[in-house]
Amino acid sequence: MKHGKDEKTTNLAFSDVISSRLGGETINLCYQCGTCASSCPVAKITPRFNPREIIKLTLSGEKDEVISGDAIWLCCSCYNCQERCPQKVEIADVIYALRNIAVKEGYIPNIFSEFASAILNDARVVKVSKFVETKRPTLGLPPLQPTGVNALRKILSATGFDKLQQKKEEAT
Amino acid sequence: MDQVKVGVFLSDCGKQLSEILDFNALTDYVKKVSGVVLVGRSSEFWRGKGLQFIVDAIKDGKINRVVVAESLPKLSEVNIVQAVENAGLNPYLVEVIDLKDHCAWPHRKTPSEATEKAKAMLLAAIERAKLLEPLEKLEFSVLKSALVIGGGIAGMQTAVDLADLGFEVHLVEKTPFLGGLATRASRFFPTDDCAICIESPVSDVKTITHTSRKCIYRSGFSEIPNMNILTNSKVVAVEGVPGNYKVTIEKKPRYVNELKCVRCDLCTAICPVKVPDEYNAKLKTRKAIYMNIPNVHPPVYVIDESVCKFHDCAKCVEVCPTDAIELDQKSEQITLNVGSIIVATGFREFDSSIIKEYHYDDYPDVMTNLELARMIDGFGPTGGVIIRPSDRKPAEKIVFVQCVGSRDRRYNPYCSSICCMISLKHATLIKSAYPDTDISICYIDIRTTGREHEDYYERAREMGIKFIKGRPTEISRDTETDRLIVDVEDALLRKILELDADLVVLAPAMVPAEDTKELAEILGLELGEDGFFKEYNAKLRPTETKLRGIYLCGGATFPKDAPTTSLHAHSAAIKAVKFLTTGKIVKDQRTAVINEEYCGDCEFCPVTCPYGAISLEPTTEEHFVAKISDLLCEGCGVCVGTCPLNAIELRHSRPKQMLAQMKALMSINGTSKPLVLAICCSECGHTAVDSSGMAMMQYPANVRVMKVPCTGILQVHQFLEAFKAGAQGVMVVGCKSDGCHYEVGSQKAENKVELTRILMKEYGIEPERLEMFNMVFIEGDKFAAAAQTMTERLEKLGPLPTMGGS
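First to last, the sequence lines map onto chains X and B. Heads up, the first sequence is in my numbering, so the first residue is 47 and it goes up one at a time. Heads up, the second sequence is in my numbering, so the first residue is 1361 and it goes up one at a time.
Note that these hints are calculated values from the structure, not bench results. It is possible that some hints are incorrect.
Chain B is faced by these chain X residues, among others (derived, beta-carbon under 8 Å) [what the hints assert, rightly or not]: (1) Ser-84; (2) Ala-89; (3) Pro-132.
Quick reminder that beta carbons are idealized off the backbone N, C-alpha and C, glycines included.
Can you make the complete structure from the sequences, with help from the hints?
Quick look at the structure:
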């Protein structure tokens, strides 16, 4: 550990964890100008999400607040912030890095978890409901074909995705 | 040549050293060295009786080489060398070494080892002295005239200084009028007085007090004796060497005779051609024949040749009462011979239209600080009223946007340093004149670092100017109201704001003047990564360049406010005066010399020389040889280290002199440890060794120091020669690679060391026996530690296998 064992300094090293991850390399360059926040379509409509603040909390080592909160999941990945950032901080990518850590530590909002189950079970992002099944013929659409779910499961198992999802399901 | 007769003079520094070193043994040893005819001992040899003893020995013809072991050699050498010269011996036949800091003190715990090392050091000095050759001093003439490029306040101030001191000055300005950015800036912080005010020339007979300052137009600037002002002119070529530059200037036609024009305004009144006035932020129009503002210098109209109809119209010619208008004027080339050149080309605003989201090009109500300055100026296009350019109604709500293209890694990563103050100045000036104006400043950090600068920030807050900590992401326009909207987060409130505004003022980065790159090529100067001219040393020599005789001042090196520009201008002037004043450059011949017979015409050395001192010249048989200019050569030896054919040598550090030294240093060990040769550059490397000794840091006596001008001189074979001479390890000690006193030497040495290590592997020698160390003067501890590490490493490796063959 770079900063010794003291709890405060251990916390600070969270920014090092992020900056050493893919997408997080540029985080230390942030000087809090707020261009990202004013560029953000989500921040415009809800105070629950502010990219500048996420970066600041991460740099300040407030890991728990960042990881367990729902803010990082509100990013819509439009990359506006990243385009406009004068310090070339890859903000959207930093948020992905944070999401990855959050998932590893068992924090994932239900909606994302449901997506994950749908992918694992049916190889579809959206669950096929009765409504969809009955509506399709009336619109002249063919019935849904079976997906290559087994092949996909093999890939997901190789990447450890299934275990993450299992862990999450056990926790809830 | 006469027989070599060496006199060796051993100083024990007031018996301090004799407690550690056995001076009787040293004297006995030195006496037996061939070529030594006289050995002296005293408590000091660099002044008083000791120095007189040396002088007498020279005058009596007893000796013709001098070796002195003296403390603080870097100080004492100056005195000794001067005395030797006065006594009639060539001063380059003297070798001074330091037995205190390089031997006695760092090895005080092992006195017998120190004594043996001292013998080796003395032998090395004697062997080198025997091979030294007398060198001449060279004189080069310097013309007592200067060219100043750029007629802004930096260039004008420097030109006045030089002219007042009696030098002939040519001031070249690219545009038709003097004053540069200053005349557009209206007012300056921190005094809030007119920007076009300059220090009065002392030659003005009506200047009675030293506090006198005057507008450019009434300063009598053009009437200063020795001053030659060339407006509308550009430097197109520079040839020659420091002290003797031949400069070609292209002077564009003004079409108005400066000696005849009486600025009566009849011509502008009748001129039918109207164009937007760029100088005045396009807020008004001007004619094809025009002046920027009424109080410009020179007070003479100019015709804009890109729009004038010339003889198809010629109405101005008809009305001019003094026949001043000359439509047939042509461009002319002017050749000037000057001794020195001062670059004062300044800076300009970054082109804000590059940042598309600010819509500088699309919305007329988005303008820059320099454009706003024109509106604040009473002489300006609106007479001092702040308007919305789109409908010319008064601007009631103004938003400033800081750091436009500065502190931005996509455009200019640096802080332009003056833009915060410019915005604060503008905001407070507007608020004073129109207190009801609603003004906000969007900032990342407010930087007010100069004297009285913080006062502006304080005053602005008192006046009710709002500060929003946030960098706007976008400027848009409300299509219904035509007002501007600035999207910004107030980071302190954590609120996303949409500020509406009549006028948005951008504070763009300040970037180098337009033709900076071209001029740098013409002059042979380097630019920094930021595009500004690179100064020789930012800390010590901020107005100098690596070329003697060429100086920099003002915004040409970085954006500056007016007070700093003045300082810089005066500094450049004094540097130029120092160079010009004696009318000559005196240099010794410790320079590089080429053996034309060996030169292989490979072009390596001209490219490598950091000073452009080497050129390839044709010989009779379609063959080129390198020629070295003694004037430009700084004696670093980087070319020596580069030449693949060993065709270049430094006259004062020839390979045979170095080899003799090396062999002598390695001829006596006296310790049980493996011998290490530490080759140190004469700048930081050798001085770091001094400082370790001064601080009595201890390292083993098997480490022997050899001084070279710059580590860049070293060649691969010299490292191998060191091993052959008996070194078990070689340390190369140079300046930091980005702090080399000769720019590239340290880096070149590092490459050479790397290369040699590869070769060493081939020869079966462990590459870790050779290592480069970089340090600055104060890092004596680093040297001592490196010497210790190297010794321990070599002890582990065991002895070097004997090198056979040649």
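A quick look at each hint next to the structure:
1. Ser-84: holds (4 Å)
2. Ala-89: At about 6 Å, which falls below the 8 Å cut-off, the nearest Cβ of chain B leaves the hint on Ala-89(X) intact, so it holds.
3. Pro-132: Since chain B brings a Cβ to about 4 Å from Pro-132(X), closer than 8 Å, the hint holds.
Checked against the numbered hints above, the structure breaks none of them.
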